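So the protein lines, in turn, are chains A and B.
The opening residue of the first sequence carries number 1 in our numbering; numbering runs sequentially from there.
The opening residue of the second sequence carries number 247 in our numbering; numbering runs sequentially from there.
Hints were generated in silico from the structure; no laboratory data involved.
All figures in this text were calculated on a predicted structure; none of them were measured in a lab.
It cannot be assumed that every hint is accurate.
Here are a few chain B residues that face chain A, going by a calculated C-beta distance under 8 Å [as the list claims (entries may be wrong)]: (1) 300; (2) 384; (3) 399; (4) 480; (5) 613.
Even for Gly, the Cβ is constructed at its ideal location relative to N, Cα and C.
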Amino acid sequence: MAEGEIVALEFSFSFLGGVDQSSGLLQGSGSVGIAGKVFAFTEGKGSTVGSYTMLEMKRRGTLPVAILNTIAEPIVTTGAVICRIPLVDSIDVSVLRNGDRAIVDGTRGAVEIEGVELKDVVTCILTNGDRFLIMKRSEKVGTFKGKWAGVSGFVEVGEEPIQTAVKEMSEEVNVTDARLLKKAAAILVRSGDIVWKLHPFLFAIDDVRVEIDWEHTDHRWILAENLREFDTVPGLDKVIRALLSA
Amino acid sequence: MFLTRDEETVLDGERGSGPQQAMELLVALGTVYDADRLIPITSAHLSGVSYKTIGKGGLSFLNDMASDARVQVRTTLNPAGMDLERWKDMGIQKEFADRQLEIIDCYDRLGVETTCTCTPYLAGNLPHIGESIAWAESSALSYVNSIVGARTNREGGPGALAASIVGKTPAYGLHLDSNRKATVVIEADIGSGILNYTLLGQVVGKKVANAIPYFRRIRPSQDEIKTLAAAMAASGAVAMFHIENMTPEAHAMDTAGLETIDIGIRDIASARDSLSTGSDPDLIALGCPHLSDVEIIELAAVLKGKRKKSDTEVWFCTSRAVRRRCAKEVAELERFGKVLCDTCMIVSPIEENHLCTATNSAKACTYLPTLCSQKVVCASTVELMGMIT
Chain A
1 MAEGEIVALE FSFSFLGGVD QSSGLLQGSG SVGIAGKVFA FTEGKGSTVG
51 SYTMLEMKRR GTLPVAILNT IAEPIVTTGA VICRIPLVDS IDVSVLRNGD
101 RAIVDGTRGA VEIEGVELKD VVTCILTNGD RFLIMKRSEK VGTFKGKWAG
151 VSGFVEVGEE PIQTAVKEMS EEVNVTDARL LKKAAAILVR SGDIVWKLHP
201 FLFAIDDVRV EIDWEHTDHR WILAENLREF DTVPGLDKVI RALLSA
Chain B
247 MFLTRDEETV LDGERGSGPQ QAMELLVALG TVYDADRLIP ITSAHLSGVS
297 YKTIGKGGLS FLNDMASDAR VQVRTTLNPA GMDLERWKDM GIQKEFADRQ
347 LEIIDCYDRL GVETTCTCTP YLAGNLPHIG ESIAWAESSA LSYVNSIVGA
397 RTNREGGPGA LAASIVGKTP AYGLHLDSNR KATVVIEADI GSGILNYTLL
447 GQVVGKKVAN AIPYFRRIRP SQDEIKTLAA AMAASGAVAM FHIENMTPEA
497 HAMDTAGLET IDIGIRDIAS ARDSLSTGSD PDLIALGCPH LSDVEIIELA
547 AVLKGKRKKS DTEVWFCTSR AVRRRCAKEV AELERFGKVL CDTCMIVSPI
597 EENHLCTATN SAKACTYLPT LCSQKVVCAS TVELMGMIT
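Working from the sequences, and respecting the hints, build out all of it.
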């Protein structure tokens, strides 16, 4: 078990050459230090000597207290083992923010971020031919007012995401006969103190006439390349890519 | 993970504390990577040798291990922080030299062959196809996985040491057929020459991270492959690759449906520009990875009859084994600079004497700014020779 402040890099990292052993400062960063921190990066790269670099940093008191990776590469794993610090993998580094306080349980392979909540939501993309439906959220909703989104809703306790999807489709656009084409793996998106766990669903309908409810004020059928013209809820582009790519 | 009774006794400390620590590390790695058992290895190669990189922490660790552990298989060693014979010529300080020699002594006591080269396959440690080994040194392990068809994971220095002490390694990763398959296709149109291949490696490593590239359209020489492997392992984490019609496992690869990345002259020119951060080098350094016999002979042929035009320091880094085999050509190169053994421009403390280094190795260009505080000139072999004659 270890806890500390997060330093997160959304790219790969080599301990040898990547950090100054005596100060714990990241090379090329000016003043970002990893001594005593929970150090997150996507995966190890570069030198196999990196495991020894970690050992030397431990001796000098500049080693991080824990490592979080998307993929645990053997050089980093070896260093974590000989230095006896926890390493947890399968972490989506993009949801971490520098300065978050994290509690890392290496035995359970779990990470808790203080003050940050995980919320499950579904995002349903309705397609008709090569176009899909986006809707502008009204001022009456709780979150992301005025942003463009798919059909979405919180996954309630006891509900499976697919059930939420069907319910929201009926409520938000009055569609009950859509064909489910695809369900993509969950996507994590950080926004402020919330990590949204988006469950993406792809549906097809034959009739473009939809009835939107109080939650939205406008709707459009667009092509994928037009998405960037709209101010969307966070992660909508990732959802589209996950659902519409071959 | 299943351990035999013999392996359990090592884990319990009955063979000594060094072997126990080694077994603990192997079991920890095996558990993380879901290995079901340990498998025997036929050789090991160790990184973590230079006092500059492993420091007092590494020396202390090795000293502990050497007190009661011995390697069980043929084990070779990576370059040290200095030429073990000519360190005074290099301007190395006595304090550094003493610590460095202590490190070499630890490895010696462990029973390691102190070959001090990143090209062990040119210094007598050449595995056979299909053999399971445990090699650290990112360039060499990638080379033997791909060109020879031997099997090793991308071991950290201590991991390879642990495996050599136990004589085994956990059965995961690249020891398994299913993990050796190509995962991305690279269509490369880049011409030939060491610089082009090293830059190709730089670009590929950065783009694919730890994927297994399958190269089409290239027909590199041994030395071009050597520098390609090194660059990909430094800018990325590539431990294995296939070259169509060249490498032993390439023919069995099914590349249908894999993403294809096109790389051309413009991409490598751009990589060269990014790596070059300086001008006016005060050190010209070749041999990352260590120069082969062929390279030493070719360089000597280029320099024959020429005169050195400036007094810029020049290093030709190679293994003692290659130096011995090319004594005549080495004498030619010594007219222009130092043919150094046991070390290289990255792991020796060149920052104490130099500000800007010119080299034809993308791997070196990656580490020179951060490990050696150098400005870098990334140039071809011909351009480097043009700087000294």
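Do the hints match the structure? See the list:
Evaluation of the residue 300(B) hint against chain A yields a held restraint, the C-beta minimum of about 4 Å falling below 8 Å. The beta carbon of residue 384(B) is positioned within 8 Å of a beta carbon in chain A (closest approach about 5 Å), and the interface hint is therefore held. With a cut of 8 Å, the hint placing residue 399(B) at the interface with chain A holds, because the nearest CB-to-CB distance is about 5 Å. With a least beta-carbon distance of about 6 Å to chain A, the hint placing residue 480(B) at the interface is held under the 8 Å criterion.
Residue-level restraint check for residue 613(B) holds (minimum Cβ-Cβ distance to chain A is 5 Å; threshold 8 Å).
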